[in-house]
Every structure is written in structure tokens, then in C-alpha cells.
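Visitor: Make a model of the complete structure from these sequences and hints.
Chains B and R are the protein sequences, given in the same order. Under this note's numbering, residue 87 is the last one in the first sequence; the count climbs by one each step, no gaps. Under this note's numbering, residue 248 is the last one in the second sequence; the count climbs by one each step, no gaps.
Everything labelled a hint here was simulated from the structure, so no lab data went into it. Note that CB positions come from ideal geometry on N, CA and C, so glycine has one too. There's no promise every hint is true.
Unchecked claim - Calculated from the model, a selection of chain R residues having no Cβ within reach of chain B, i.e. all distances over 12 Å:
hint, residue
1, L16
2, E44
3, T81
4, K104
5, T105
6, F107
7, S150
8, N160
9, H163
10, K206
11, S214
12, R245
Stated by the list, open to error - With beta-carbon atoms standing in for the labels, derived distance ranges:
hint, chain 1, residue 1, chain 2, residue 2, range
13, R, V149, B, G64, 21 to 31 Å
14, B, K81, R, H216, 43 to 53 Å
15, B, K81, R, T33, 46 to 56 Å
16, B, S24, R, K48, 18 to 28 Å
As the list claims (entries may be wrong) - Some chain R residues close to chain B (C-beta under 7 Å, calculated; not the full set):
hint, residue
17, Y53
18, H58
19, P188
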Amino acid sequence: MTLAEIREEIIDILHDIAPDEDLSELKDDVDFREQLELDSMDFLDIVMELRKRHRVQIPEEDYGELASMHRTVTYLEPLLKDVARVS
Amino acid sequence: MKANCTWPRGPACPELTENSLHIWCVSLEVDKTRLHRLKGLLSEDELKRADAYHFERHRRRYIVCRGQLRKILASYIECSTTSIEFQYGDQGKPDLAVGQTTAKTKFNVSKSEELALIAVTNAGEVGVDVEHLRPVPDATNLAQRYFAVSEVETLLSVPNSLHARTFLEIWTRKEAFIKATGQGLSYPLNQFAVSAAHTGPMVTVKLFQDSAQSEHWHLVSISPSKDVLAAVAICGTSPQITCWRCPN
Numbered sequence: 001m002t003l004a005e006i007r008e009e010i011i012d013i014l015h016d017i018a019p020d021e022d023l024s025e026l027k028d029d030v031d032f033r034e035q036l037e038l039d040s041m042d043f044l045d046i047v048m049e050l051r052k053r054h055r056v057q058i059p060e061e062d063y064g065e066l067a068s069m070h071r072t073v074t075y076l077e078p079l080l081k082d083v084a085r086v087s
Numbered sequence: 001m002k003a004n005c006t007w008p009r010g011p012a013c014p015e016l017t018e019n020s021l022h023i024w025c026v027s028l029e030v031d032k033t034r035l036h037r038l039k040g041l042l043s044e045d046e047l048k049r050a051d052a053y054h055f056e057r058h059r060r061r062y063i064v065c066r067g068q069l070r071k072i073l074a075s076y077i078e079c080s081t082t083s084i085e086f087q088y089g090d091q092g093k094p095d096l097a098v099g100q101t102t103a104k105t106k107f108n109v110s111k112s113e114e115l116a117l118i119a120v121t122n123a124g125e126v127g128v129d130v131e132h133l134r135p136v137p138d139a140t141n142l143a144q145r146y147f148a149v150s151e152v153e154t155l156l157s158v159p160n161s162l163h164a165r166t167f168l169e170i171w172t173r174k175e176a177f178i179k180a181t182g183q184g185l186s187y188p189l190n191q192f193a194v195s196a197a198h199t200g201p202m203v204t205v206k207l208f209q210d211s212a213q214s215e216h217w218h219l220v221s222i223s224p225s226k227d228v229l230a231a232v233a234i235c236g237t238s239p240q241i242t243c244w245r246c247p248n
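Guide: Here it is in C-alpha cells:
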């Protein structure tokens with residue numbers, strides 16, 4: 001997956017968590033929690049969904065790497081580089 | 001979702017004794033005039049944070065919660081609402097800045113939809129979590145991935161009609177605990193277990209890596225209204241808890 005595809009995938013997961021929200025203007029460099037009312041359970045849902053969709057295991061000590069879109073995409077890029085996005 | 005808190009209205013000048021723990025229930029639904037007044041209490045940093053929210057209702061809830069937090073804390077530490085300063089732990093847990101108070105006043109905040117709970121105490125580090133009762137479609141998977149074995153067993157033993165409630169009861173207890181530690185989700189959720197809901201509002205916590213520490217922790221389930229579940233965790237002396245509704 002390319003960086004752009006990973007970003008699309010994260011937006012897709014966020015849509016599952018907040019289905020009625022328009023996320024088109026989400027800022028990549030600002031923490032998710034500072035833009036959206038995501039709580040810890042939502043955050044674990046994101047981690048679970050990544051595991052379900054792509055078998056990516058994210059250890060607890062790396063959760064901070066998923067704070068913003070930019071950091072998430074950067075963190076996932078090496079883990080998903082050989083994975084094709086299924087739309 | 002509206003906040004229908006059943007707790008009595010709180011006093012204007014609350015007093016904390018050594019082991020008291022006060023829980024304030026705050027409605028985040030306010031009219032424009034009230035919102036404007038509360039916004040006027042926020043610092044530059046808080047206003048910037050409010051502006052970063054993507055959705056208007058999230059921004060409003062943040063402003064109301066933060067403004068009310070300032071008012072509540074000011075009533076305890078005898079300073080003006082606008083002069084309160086915060087500092088933040090490694091995982092973002094807010095605290096009163098050093099020098100703000102001579103007492104060891106600690107607080108913690110949790111929001112769910114249009115309701116917030118604010119816990120204030122001098123008894124020790126505190127964490128609070130509140131959740132509206134709702135379906136949790138992924139509850140079993142979440143529990144099996146993150147909860148301790150005994151908690152998963154509890155969840156799987158209840159009938160379907162109690163599944164979401166039981167999950168959220170365990171969740172609020174665990175979330176209150178990791179918030180109190182200041183470690184948040186970096187504290188592995190399967191490294192401690194909370195007691196099951198049917199044992200009553202007083203909850204025990206078992207820390208697998210440091211069992212001697214377990215006895216210093218006190219967890220209590222609370223409920224501001226019938227469709228809202230919450231828990232508060234405190235490390236220190238056994239607290240005397242008082243719950244109040246924040247006047248709007």
C-alpha cells in the first residue's frame with residue numbers, strides 16, 4: 001500500500017467508528033484526539049480493525065505512534081508496504 | 001444524548017477533607033450566552049485546542065467542559081478561574097501546575113456525549129471514566145484481545161441482554177484505573193483485573209505485576225443516571241465519595 005492508500009484506509013476505519021461524520025477536512029498533522037472526540041475505546045477499535053483487515057499487530061508501547069494521521073501513516077508504511085488495499 | 005443527572009445540585013463553596021472525593025456531573029448542553037461566558041474563561045492554549053476540533057459540537061463540549069472545570073477547581077483552591085494553570089504528564093494526564101495550590105488537589109475529567117464527570121480530591125491520584133449505555137458490537141473481540149482472563153469469563157457468562165452493560169461496567173473500571181495511573185493505554189489492560197459488576201459498587205483491582213500495590217487502589221462504580229455508567233479510581237486512602245450536579 002502507498003502512503004495515500006494507507007491514509008484512505010485510516011479514513012475508512014474512522015468512518016466505521018463515526019459513520020455520520022464528514023472527515024474530508026481532517027488535518028494530518030494534528031492529533032486525532034484534538035480534532036475528534038475519539039476516546040480510548042475508539043482508539044482500540046482502530047488497532048483491532050487494522051489487525052482484522054491486515055493482520056498488523058501493534059504493541060501497546062507503540063500506540064503513541066498512532067496519535068495523528070501523519071504519524072499513523074508513517075508508522076504503518078513499512079508494515080503495509082507489501083499489502084494490497086482491498087476497496 | 002441529553003444528560004439527565006439525578007444527583008443533587010452541588011454547593012458553591014465545597015470543602016475537601018483529607019479523604020473526600022467529590023464527583024461533579026456537568027451538562028455540556030448550554031445556550032449561546034452561557035457558551036460565550038465559559039469560552040471567556042479559557043486560556044490561549046485552550047482556545048487554540050478548541051479551534052482544532054473538526055466538528056462544532058465537539059468544540060462546544062470541550063469549551064463547556066474546560067470552562068466548568070476551571071470554575072469547579074477555582075472553588076476549591078481559592079483563585080480566579082482564569083488564573084488556573086495546568087501541566088500535563090507524559091501520556092497527557094492534566095494536573096494543576098506546580099504552585100497552584102498548597103494542598104495536593106488532584107482532578108480528572110471524562111466526557112460521554114453531552115455529559116462530563118469531574119473528580120476532585122486531596123486523597124491521591126484519581127481517574128474517572130463515564131460511558132453512555134449503548135450497544136458495543138465488537139465487545140467480545142475487544143475483551144478477548146485486551147481484558148484479563150477473569151474479566152473475559154465474566155463477560156461470556158452473562159446473558160446477551162446484559163452483554164453491553166457488563167462490558168461497559170468492566171471498561172469504565174479499567175479506564176478509570178489506567179487514567180488514575182497517568183499511563184493511559186500504555187498500561188496493558190490485561191495486566192490487571194477488576195472485580196465483576198454483581199459484587200456491588202465497591203470494586204477490587206488485582207495488579208498482576210505488583211500485587212502488593214493492589215491494596216492501595218480503590219475503585220467505585222457510580223451512575224449519574226440510569227443510562228450512564230461510570231467508575232472512579234483513586235490511589236491512597238479509602239475515599240468518602242460525594243456526587244453533585246454542577247449548576248448550569
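Visitor: For every hint, state whether the structure bears it out.
Guide: Now the hints, each set against the structure:
Every CB of chain B lies more than 12 Å from the CB of L16 (chain R), the least distance being 28 Å, so the non-interface label holds. Every CB of chain B is more than 12 Å from the CB of E44 (chain R) (nearest about 15 Å), matching its label as outside the interface. In this structure T81 (chain R) is separated from chain B by more than 12 Å, as the shortest Cβ-Cβ distance comes to about 23 Å. Once the 12 Å rule is applied to beta carbons, K104 (chain R) is consistent with being away from chain B; the minimum gap is 26 Å.
Every CB of chain B is more than 12 Å from the CB of T105 (chain R) (nearest about 25 Å), matching its label as outside the interface. Taking the minimum C-beta to C-beta distance to chain B, about 18 Å, the non-interface status of F107 (chain R) holds against the 12 Å cut. At roughly 19 Å from the closest C-beta of chain B, the C-beta of S150 (chain R) stays outside 12 Å, upholding its exclusion from the interface. Consistency note on N160 (chain R): stated as away from chain B, and its beta-carbon is indeed over 12 Å from all of that chain's, at 20 Å minimum.
Every Cβ of chain B is farther than 12 Å from the Cβ of H163 (chain R); the closest lies at roughly 15 Å, confirming the non-interface assignment. Every Cβ of chain B is farther than 12 Å from the Cβ of K206 (chain R); the closest lies at roughly 19 Å, confirming the non-interface assignment. Residue-level check passed: S214 (chain R) sits 20 Å from the nearest beta carbon of chain B, beyond 12 Å. With a least CB separation of 22 Å from chain B, R245 (chain R) remains clear of the 12 Å interface cut-off, as annotated.
About 27 Å separates the C-beta atoms of V149 (chain R) and G64 (chain B), a value consistent with the hinted range of 21 to 31 Å. Checking the proposed 43 to 53 Å range against K81 (chain B) and H216 (chain R) shows it holds: the Cβ atoms sit about 46 Å from each other. Checked against the hint of 46 to 56 Å, the C-beta distance between K81 (chain B) and T33 (chain R) comes to roughly 54 Å, which is consistent with it. At roughly 22 Å, the beta-carbon separation of S24 (chain B) and K48 (chain R) lies within the given 18 to 28 Å, and the hint holds.
Interface hint at Y53 (chain R): satisfied, since its Cβ lies 6 Å from the closest Cβ of chain B, which is below the 7 Å cut-off. The criterion of a C-beta within 7 Å of any C-beta in chain B is met by H58 (chain R), whose closest approach is roughly 5 Å, and the hint holds. About 5 Å separates the beta-carbon of P188 (chain R) from the nearest beta-carbon of chain B, less than 7 Å, and the hint is met.
Hint compliance for this structure: every hint is met.
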